[in-house]
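Undergrad: Residue numbers (the numbering used here), protein chains in the order written: chain A, 16 to 247; chain B, 101 to 582.
No lab work stands behind these hints: they were computed from the structure.
Glycine is no exception: its CB is placed at the ideal position from the N, C-alpha and C atoms.
Some hints could be false.
[As the list claims (entries may be wrong)] Where chain B lies over chain A, by a calculated footprint (3+ residues, C-beta under 8 Å): (1) 209-215; (2) 219-225; (3) 231-245.
[To be verified] Taking lysine-lysine pairs in the DSBU-like style, the calculated list, with each CA pair at most 35 Å apart, reads: (4) B:LYS341 with A:LYS118; (5) A:LYS199 with B:LYS208; (6) B:LYS441 with A:LYS223; (7) B:LYS438 with B:LYS492; (8) A:LYS199 with B:LYS423; (9) A:LYS223 with B:LYS492; (10) A:LYS136 with B:LYS441; (11) B:LYS493 with A:LYS199; (12) B:LYS392 with A:LYS223; (13) B:LYS441 with A:LYS44; (14) B:LYS392 with A:LYS39; (15) B:LYS348 with A:LYS199; (16) B:LYS423 with A:LYS39; (17) B:LYS438 with A:LYS118; (18) B:LYS413 with A:LYS28; (19) B:LYS392 with A:LYS118; (20) A:LYS179 with B:LYS492; (21) A:LYS179 with B:LYS208; (22) A:LYS44 with B:LYS392.
[Unchecked claim] With the Cβ distance kept under 8 Å, some of the chain B side facing chain A (calculated, not the full set): (23) PRO425; (24) TYR433; (25) GLU451.
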Amino acid sequence: MISPLILIIEDEKPVRNFLGASLKSQHYKVLYGENGSEGISLAASHNPDLILLDLGLPDIDGIDVIMRIREFSTAPILVLSARGEEQEKVEALDLGADDYLGKPFGTPELLARIRAGIRRKHLAKSNGDGNSPVFTLSTLTVDVEKHLVMIEGREIHVTPTEFKLLSVMVRHPGKVLTHTFLLKEVWGSISASETQSLRVYMANLRRKLEIDPANPRFFRTEVGVGYRIIDE
Amino acid sequence: MNRNKYFKDILFTIVILLVSTGTSVLLSNRDFLDSNLILIYIFAVVLISIRTNRLNGIIASIASVFIFNFLFTAPRYTFAVADPRYILTLIIMLAVALIITTLTAREKKLAQESRRGETHANVLLNISRTLLTLSGREAICRESLEQLGQILSNGTCIRLNGTEDEEECIAGDPEIQKRRPILHVEIKGSDFSHGFLFLDNNRKQDRSLSDDEKALIQTFVALLSLALDRDLISRKHEDVKVRAEREKLRVMILRSISHDFRTPLAGIAGASTTLLENCQLLDPETQNELLKGIYDEASWLTRLVENILSLSKVQSSTGLISKTPEVLDDILYSAAQKIQKRLNAHKLVIEPPENVFLVPVDAILIEQVIINLLENAINHTQSDSTIILSSKKTARENRDFIEIAVSDNGSGIPEENLAGIFDFFKSSGKPTGKSARGSGLGLGICKAIVEAHGGTISAGNKAEGGAVFQFTLPMDQREDNS
């Protein structure tokens with residue numbers, strides 16, 4: 016398999032160097048964009064397998080960069096952002112970014128997210144529109160046609176709404192799903208009362224499915240952002 | 101005027117006239133003098149004037165003269181008068197009756213007015229008393245309008261102008277300003293206008309205000325503007341005090357943060373220069389150790405910065421944090437996840453609440469509180485200790501609270517450290533090594549965050565040994581920005 020090409024759009028040289036060094040050590044091919052406009056043109060000309068994007072760029076707002084790249088590319092975008100910028104993070108995810116990594120982060124975490132992003136890209140390709148009726152997430156199986164949820168072959172009873180929520184989530188392994196995204200997919204609207212319901216349904220699902228919630232196997236809460244489906 | 105009273109008055113007048121006529125007929129049959137009969141009628145007029153109104157008195161006066169004339173003067177049963185002397189009698193009778201009616205009516209009016217004056221004075225006294233104890237523009241306006249409503253049946257509304265630090269404030273029915281109020285009075289403060297008082301049409305009688313009502317309103321407005329002036333001055337005073345305290349805290353925090361920054365930075369700079377300059381001379385093991393030192397110090401700095409960020413959020417000028425209903429489990433598990441790497445041999449047990457609870461919080465800040473408390477527990481206990489993160493629902497003063505506790509089975513908190521344990525930089529005054537570093541800032545931030553949510557935080561030792569830190573968060577959406 017040819018080594019994947021990763022585009023790093025980041026204006027800070029030390030961070031760029033460190034990202035490049037750790038990626039190259041894992042045999043990825045690396046491209047650097049020093050600002051937003053350079054990043055967009057590199058994304059267009061080289062068609063990278065994954066894009067690492069810093070939200071705070073000197074020339075163009077990171078959110079705009081995502082929108083412009085999404086006009087021509089479906090490559091996974093992994094956003095790098097500092098804590099305290101939750102609102103920006105959520106906006107980036109809602110506008111087409113696939114994942115985010117809070118600064119500062121360690122190399123193992125970065126590499127795990129990149130692997131997940133590239134895997135998801137291949138998955139999307141092989142699955143076509145992703146409409147296969149049975150989804151598996153480690154020991155969890157969700158059969159959309161038969162309306163079945165099983166853990167290690169044991170059936171778990173869930174309510175219809177919980178099932179709907181679960182079937183939306185298993186379709187996006189490894190991805191961060193924002194509250195807004197889930198509300199639109201499951202309820203079709205975004206009102207305050209439904210935002211609350213979503214949180215309660217998620218908590219109930221967790222209580223039903225996770226054996227040790229302190230070390231979750233299926234979903235992790237990203238406080239202030241949404242939920243991540245664990246796929247490793 | 102009410103219809104019922106009107107008919108009652110007429111009925112009373114007729115009955116009294118009938119009774120006096122009956123009595124007169126009885127007496128005249130026994131040859132009583134006419135003057136006695138006249139006195140009976142005058143008495144009837146007095147009674148009617150006292151009980152009813154002036155109009156009825158006048159009608160009764162005229163009616164009695166005619167009845168007397170008809171029944172008792174010769175020729176009887178006609179309105180004609182045979183003896184010319186009787187004409188004089190009848191005229192005097194009418195005059196006396198009318199004068200009595202007028203006098204009684206005036207007396208009644210005076211009594212009524214003085215009674216109303218007394219209630220006005222009482223209400224004004226009450227208003228001035230209430231206003232003295234109140235603070236806050238809205239409360240002052242609301243309370244005083246309520247009191248005014250006891251004597252004035254007009255709809256009222258107060259609109260206070262917005263100031264540099266307060267928004268426009270409306271008390272009473274805001275529709276009144278739009279409906280063309282019959283009166284609007286400016287509430288003049290000592291050096292500027294506070295706003296206006298609007299008076300609507302009277303709901304019951306559509307009449308204009310009487311003079312003493314106008315005077316009452318003027319006095320009311322004067323009282324109100326005095327109270328608003330006083331409130332403004334006391335608030336300004338309070339503001340200056342708060343600002344001075346905040347400034348003091350800011351200086352203290354800055355000084356301590358610079359201190360907290362300097363130590364790890366010195367470590368990082370030292371280790372990295374050693375590596376840069378003497379790389380070939382160092383054996384791999386030492387190199388590794390230096391690198392690990394840099395990593396540790398950098399992570400410590402990261403946590404410090406996160407805490408400072410939280411602090412800046414809580415202490416921002418608006419003082420408002422954005423709360424959204426969050427499921428408590430999520431926050432507990434997310435905090436536990438983030439602390440996982442630092443646990444090493446410590447054991448962490450999580451006891452979530454019995455039900456799924458939604459709590460209105462800034463989730464990231466509350467997560468920070470839990471992380472700080474867990475970190476504090478890790479720093480102050482042996483490496484094989486057990487830390488319990490538990491939560492339950494409690495109630496106090498009719499409000500529901502969530503109580504979250506972090507307890508350990510370590511050696512507990514020394515008695516002398518308990519007081520002021522949540523003060524900023526309690527421990528950084530005398531840094532005693534790695535474990536003491538940073539805990540001062542962390543607990544101080546916990547307190548600031550919890551209190552910004554309207555909750556309380558406390559620390560203590562368990563009877564069976566070990567420290568316990570617990571904090572509460574109100575479960576309702578009520579704002580606590582007192």
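Undergrad: Each hint: holds or not?
TA: Evaluated hints:
| no. | hint | verdict |
| --- | --- | --- |
| 1 | 209-215 | holds (count 4) |
| 2 | 219-225 | holds (count 3) |
| 3 | 231-245 | holds (count 6) |
| 4 | B:LYS341 with A:LYS118 | violated, 38 Å |
| 5 | A:LYS199 with B:LYS208 | violated, 75 Å |
| 6 | B:LYS441 with A:LYS223 | holds, 26 Å |
| 7 | B:LYS438 with B:LYS492 | holds, 22 Å |
| 8 | A:LYS199 with B:LYS423 | holds, 22 Å |
| 9 | A:LYS223 with B:LYS492 | holds, 20 Å |
| 10 | A:LYS136 with B:LYS441 | holds, 30 Å |
| 11 | B:LYS493 with A:LYS199 | holds, 32 Å |
| 12 | B:LYS392 with A:LYS223 | violated, 41 Å |
| 13 | B:LYS441 with A:LYS44 | holds, 30 Å |
| 14 | B:LYS392 with A:LYS39 | holds, 22 Å |
| 15 | B:LYS348 with A:LYS199 | violated, 48 Å |
| 16 | B:LYS423 with A:LYS39 | violated, 43 Å |
| 17 | B:LYS438 with A:LYS118 | holds, 14 Å |
| 18 | B:LYS413 with A:LYS28 | holds, 29 Å |
| 19 | B:LYS392 with A:LYS118 | holds, 19 Å |
| 20 | A:LYS179 with B:LYS492 | holds, 30 Å |
| 21 | A:LYS179 with B:LYS208 | violated, 81 Å |
| 22 | A:LYS44 with B:LYS392 | holds, 28 Å |
| 23 | PRO425 | holds, 5 Å |
| 24 | TYR433 | holds, 5 Å |
| 25 | GLU451 | violated, 11 Å |
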